[in-house]
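Produce the entire structure from the sequences given, and follow the hints as far as they go.
Remember, our numbering sits 198 above the position in the sequence shown when you count from 1.
Think of the hints as simulated: they come from the structure by calculation, not from any bench. Incorrect hints may appear among the rest.
[Stated by the list, open to error] Label pairs and their calculated CB-CB ranges:
| id | residue 1 | residue 2 | range |
| --- | --- | --- | --- |
| 1 | E590 | A507 | 16 to 26 Å |
| 2 | V256 | Q342 | 24 to 34 Å |
| 3 | V315 | F341 | 53 to 63 Å |
| 4 | V207 | Q574 | 50 to 60 Å |
| 5 | S491 | A538 | 46 to 56 Å |
| 6 | R560 | E505 | 19 to 29 Å |
| 7 | R560 | R664 | 20 to 30 Å |
It should be emphasised that the depicted structure is a prediction, and the values quoted were computed from it without experimental measurement. Beta carbons: idealized from backbone N, C-alpha and C, even for Gly.
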Amino acid sequence: MTARSAECVVGLLSFALAAGTIYLTSDGRDIAAVWPANAILLAALLDRRPGTGTGVFVAGFLANLAANVAMRGPSAGLPLYGLCNLVEIGVAARLLRPSLGEGGLLSAPSVVGRFMVVCGLVAPGLSGVGGAATAWLVYGQDFQTSFTTWLFSDGLGLLILTPFFLALLRGEYFRCFSGKDWRQHAEAAGLLLLNAVVAYGVFYLAARPMLFVLFGPVMLVSFRLGRLGTTPAVLIIAAIGAVATMDGHGPIAMVASDPREQAVLFQFFLAALLLTCLPVAAALSARGARFTSLSRNAEDLRAQRAELARLASTDALTGVLNRAAFGATAATAMQDPTGAPLSLIALDLDLFKQVNDRHGHRTGDRALIHLVSVLQTGLREQDAIGRVGGDEFLVLLPGTEFAKAEAVAARLQEALRRTPMMRDDGIPLPLAMSCGVAQHRPNMNFEDFVHVADMALYDAKRAGRRSVSAA
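Take a look at the structure:
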């Protein structure tokens with residue numbers, strides 16, 4: 199969806215919320231008792247980078263003006279109401295953005311505290327001065343009453359709906375839903391349904407005021423579903439309670455008959471519910487974030503330990519085992535209780551010093567790397583290669599008898615002969631190696647095993663290089 203399309207959708211949602219709110223809660227002239235329309239605009243601003251929200255302001259102003267004209271008729275005060283609402287969301291976005299993290303507005307208790315102060319007092323308080331002045335000057339309403347109504351209605355609208363809309367715009371609900379199995383989906387649906395059933399019972403069926411009962415289901419949702427479940431739970435209660443109270447049902451209607459008094463009491467109830475549940479949701483979210491961070495740190499530490507262990511056991515140039523690690527691998531193989539045959543090949547490059555002297559140490563290093571590549575291509579996965587000297591390597595062949603080990607050495611020698619290394623200038627550089635083969639015998643330790651293979655290698659060197667000698 200393009201930015202312009204998103205702004206149109208936000209404007210349409212704001213218009214629908216504003217028109218519906220005016221129709222349900224206002225007499226057509228005074229300030230509406232509840233105002234959720236600004237929440238979608240604030241969420242859209244917070245979801246954008248600073249300085250890119252002009253379209254949201256324009257869409258919000260036009261939506262506000264259109265809703266007021268459609269529901270109240272043309273009036274000089276309506277554009278002023280729209281401007282006051284823009285001031286409200288602009289101030290709220292400016293103050294909230296610095297503390298906004300990946301977890302949204304309910305990511306931590308400190309973020310929730312800032313959110314509740316900004317959206318519950320500061321932003322609606324500043325816009326409420328202009329809104330109340332408009333209601334007083336244009337419509338003849340009492341300034342103090344209008345200001346109080348504006349403060350509570352706009353503040354509660356922002357507090358209840360902004361976290362929900364922001365999570366929706368960020369795709370958090372989609373990611374959360376797609377990342378769970380059907381049991382978790384069923385649990386979430388069941389908990390929210392329980393929340394709705396209890397709210398319906400409290401507002402429509404209970405013979406006595408029982409608002410306190412509603413706190414339990416919301417807390418249960420918060421603990422089981424986290425912050426993404428808390429906002430829909432509060433929204434469900436607010437919707438059911440608002441409709442029931444306007445129809446004269448529920449605990450609010452039991453204690454007050456005047457619509458204005460009912461609105462104020464309902465606002466106080468929602469404020470108490472938010473003050474209780476949002477900090478809990480934030481604390482749970484922060485705990486979950488810390489747990490995730492600790493888990494990632496533990497994984498990073500394990501990866502670092504594995505990397506350090508790899509570096510400590512491998513040769514930095516060629517990537518094969520160093521002498522200590524190769525010795526440990528050989529010691530384990532020599533203790534095989536099955537008594538399987540075990541062979542060892544000692545090998546080095548022929549005339550390697552001349553390669554370094556004529557072509558430089560860089561070419562010499564490349565020659566060693568090329569040798570290892572040839573060896574790895576011709577060996578099995580269970581075979582082990584170790585670099586034990588400048589150009590001297592050992593190859594451990596578990597489960598390989600002496601005669602087969604000689605054949606393996608000859609095959610590797612031939613593979614190196616057929617695979618010359620390409621120099622930097624593109625000219626092939628032929629390489630050759632000599633090999634000594636040894637068979638492990640009972641009571642032979644690692645040093646003795648290597649010594650026997652080395653002696654065989656020296657015999658191959660004395661025989662004219664490019665040969666295989668067996669001990």
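Which hints, by number, does the structure contradict? 3
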